[in-house]
Each structure stands twice: as structure tokens, then as C-alpha cells.
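Undergrad: Residue-level listing of the chains:
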Amino acid sequence: MESKFMRESLVDREVAKSAVSEGEVDILPYLNVISIGGKSILDRGRSAVYPLIEELAEVKKEYKFVMGVSGGARMRHSLAIGLDFGLPTGGLATVVGAIEEQNALLLYSLMAKHGAVRVPKDHYTDLPHYLENGMIPVLTTNPPHHYWEKPPKRGILPENGSDFGAYMTAEVLGARSMIFIKDQDGFYDKDPEKHRDAKHIKRISVQELLAGDQEDWMLDYTMLEMLARARHVKQIHIINGLKRGNIIKALNGENAGTIIYKEE
Amino acid sequence: MADSPSIEEMSDALAASLDASQIDYKSDLKIYPDCKVLKIGGQSITDRGRSAVFPILDEIVANVDKHKIIISSGGGTRARHTYHIGIDLGMPVGVLADMGGAITVQNARMLQMLLAKHGGIFVDTLEFNKIPLFLRMGCIPIMPGMPPYSFWEDIPEHGSIPMNRTDTGVFFTGESLGVDTIYYIKDEEGLFTEDPKKNKNAKFIPKIHVEELIEMDLNDLAVERVVLDYMLRANSVKKLHIFNGLVKGNITKALDGEEVGTIIYKD
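Taken in order, these protein sequences are the chains called A and B. Under our numbering, think of the first position of the first sequence as 1, with each following residue one higher. Under our numbering, think of the first position of the second sequence as 1001, with each following residue one higher.
Since the hints were derived computationally from the structure, they do not count as laboratory data. Do not rely on the hints blindly, as some may be mistaken.
As the list claims (entries may be wrong) - Derived contacts from chain B toward chain A, CB cut-off under 10 Å, selection only:
#1 S1011
#2 L1014
#3 S1027
#4 I1031
#5 D1034
#6 D1180
#7 K1238
Note that the Cβ used here is the ideal one computed from N, Cα and C, for glycine as well.
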């Protein structure tokens, strides 16, 4: 068996740099990935969630998408208790996923009649089967790092959360769009709930964003780092899920909130 | 009767609990620190077959009465071939990481078969929490070395080879358990300034601080580059011990705390 790297050290810089694809494959180029905020949307209950689901059922007629929902309030409380116990980073990351599983089950239960189906990570190769048959796979977007979660670069909380997981799903599958549904009109230069003079940012490159010193990144910082290295999904949408009509706009490619893009 | 809090008030209160608890956080819980976590190199050891692997496993078994040992497998030649084919076909990094993981599962399964009569037991990454049981029963847990990142593997700055491979996997197995040393069994004495298989003038580095090693910015390393960064930020692991397992007695010495190869340390 002869192979390019056979006798090479994969750590060698030259070897690593030479291992470049001539254009990576888009595995599911028609796919859209929609991530719903846990704290921002789901934790608001019926008043926020029911209308959103009606809208998603409507856009399903035109677009194929998978959905995820992040953990929200109970995830933060799990972290709070875990921190008090002194759990290592990997332990914290292992505990939080269960809340997202709960939220995904809620979402599934509400959307089953519109074709929702729960798809666990080791069944992602089944996604085309569901999508081609008009169904809406509901994923657990939290990444599978568990005890292998990397120690954070900033602060003490596990950094690879749902936003990272949802984005990486889109990126590795070569999806056509990545949409984050939140409870504000997109990205602001500071938290609009705390600062009256917060400015809405319509469009910004991820490189510019990362170069600044944001008080609140709104999305997982690690997700933004990956967007800066994107090979497939080179922009993400953030839209307000409390206002109607934004999802279809974002799916049509319009900027219905904020677009963060990779500058090339 | 007082109004019960609204859903939003409850959510806010629950979420706010996190702000307070971050202030006093000490990551001081060591889940299972009293064990030895070692990686058997893929290309360096497993791929050499019987002549290299049998004596190493004999020596590990001879130490089981003294130490609780967990083994993590490497990838090796087939993992390299996987990356080569995968990159040629245009696979994204996450797919390559998933495929690379399968090779380390094979290696872990083979090691398990060889060690079964001595208590070798295959432990999938999802069964991490059963490790205490297996160790208490005198078993030798054998885990696939690849971390479970799969499609969620970080995109490298250059190229498509996954940056987090088996050195990373075994590192976090140990870090999460709360051990202070990770043992890497290789076919070279330890860390050199260059690849000793290619350059005869490569200088051996017996002991080095992790920051100094990062500073040296070597073009090649005996351990995955990312592991050094993780080590800087890690709470438990303070030492990487890389040594030659082909030299009889080294495993025993290393497990007893003797420095027989290269030590990369911090603090």
C-alpha cells in the first residue's frame, strides 16, 4: 500500500500544508440549517414558539432544511451547578447536551405533524432520505465533544456549543445556508437589552468582528473562528424569530437581520 | 395568592444563576486521578505487528497489579492512506476525521483481543463513565484514540488533515479523568529537534517546558501540535511523557515515575 503520507509525520508543517483538496465536495448543497435560540426563543414558551412553527411549516413547501435548538436557561443552570461542583471542562460539556435533547424533543413534538423527525448524530447519513421525502430532521446541534471538549480560550465555560455545532453541520455538509433565529434583529455592537445606544450591524465580515473586542459575541466565539476558515458556508444569517416573514427572506438569500460573512 | 412568575421570569432567573457561579469556579474535581493513561502509537508500534506489540503488552500486563492502566490506540498507516484517498476525492475535514476514527477503533479492537485474557476490555468514547467499574474489576480499558469530534472537527488553517487526532484523544481522556501525566509509547527515544528517522543530526530533547517548546516552533514534533496549546490551558495534565516502548523495561520505569524519554512539562 503506497500512500503520499505513508512514511511522513502528519505533524510536519510541509506535509500538513500539502494535503489540500482540489475543491471539496458539497455533500448536501440544497440543505439549509436553521438553529433556534434556546433562551431567546424556546424559553419564551407558546407565544414565541407557536407562530414560528407555523412559519417554518410554510417555508418547508419551498425549502429543504434541518433544525436545531440550543439549550437556553436550563443549560445555563446545569453549567452553574456543574461549576459549583468543580467539574472539569469535559464534564461540563458532557452534562449540558441533555437539555438540548429535551428542547429538540419539544420541537419535534410540536412539528411532527409537519413532518419533523428526530435524527441522532450517527444517523446523519440518512438525512437525504428524510429531506427528499419532505421531512424536517430535528438535530441535536450540540457537538459530540463531551469529555474531549477543549479547554476554553476565554473564560471558563465550554466554548463549543450549539452555534458551533449547527454551523459545523452546515459547513461539513456543504449546505446552502446557515440561519440563526434569535429574539433581536441581528447583531449589535453591544447588547441592545443593556445599552440604549447599541447600534445594529447589518453586514460585517467575520474577520472584522473577530478583530474587535466584543462584550457579547451573541454566538459561540468558536463558531466565528470556524466561519473565518470556512470552505463551504461562507456566511451566516441572524434573524429575529419574533417577527414574521424573516425566515423566508433569509432562505431566499436576503439579509433579514445581520449577515456575518467570510472576507476572502 | 401571589402571581406565579411568568415563563420569561423563570427562564431569566435560571439563566442568571450562571453569572454568579462563574466567579468562584475552581476546576478542582479530579474524576479518577489514580490511573495511568497511555497511548500505544499506531504507525510507531501497532503497525509493526507482533514483534513490537507482544513484548509491550507483556510489559503492560506485568504492571497491572501495581497500576491502574488505560490504553488508547493510535491510527497509523491506514489512517494516512484514508486521509490521502479522502483528500483526493474532495472530502471535508469532518468526514476525514470520522473516517480516521474508524482506524483507531480497529486498532483498539485488535489490542483488546490480544489483552482479553488479561482483562482487556474495549471502551467506546460513549462509555467513558464506565471506566471506574472496569478499573475496579482489574480490567484494562482500551479506547479508540481518535477524539469523537467527527464532523465537528475544527477546520485547519491549511490543508485538510484533521489537527485533532489520537494524541489529542488520549490527552483529553486523561485530562477529564484528572491525571497529571499522559504517556506516549513510541518507537523513538522521545522528542527530537527534527525527525530522527530522516535526519541523523536531530538532537534529542530530554526535558522541556511546554512554552519553550512552542517557542522553538519546530517544523516537526513527536506529538500533535494542538496538544501543546491544550496543555497550556488544561487543569490536570502537567506532563507528557514520550518514550521508546521497544526498549524493554521503559514502560515499567515510566509508570514508576522514572524519566526514560522526553518530558514536556508545565508549572
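Undergrad: Look at each hint and say if it fits the structure.
TA: Outcome of the hint check:
Restraint check, B/S1011 versus chain A: the minimum CB separation of about 4 Å is within 10 Å; hint holds. Restraint check, B/L1014 versus chain A: the minimum CB separation of about 4 Å is within 10 Å; hint holds. Restraint check, B/S1027 versus chain A: the minimum CB separation of about 5 Å is within 10 Å; hint holds. Because the beta carbon of B/I1031 sits about 7 Å from the nearest beta carbon in chain A, less than 10 Å, this interface hint is met.
Annotation: interface hint on B/D1034 violated; nearest CB of chain A at approximately 16 Å, more than 10 Å. Given hint, B/D1180 at the interface with chain A, is violated; its Cβ is 13 Å from that chain's nearest Cβ, farther than 10 Å. Because the smallest distance between the Cβ of B/K1238 and any Cβ of chain A comes to about 13 Å, over 10 Å, the interface hint for this residue is violated.
When the structure is compared with the earlier hints, violations turn up for hints 5, 6 and 7 and for no others.
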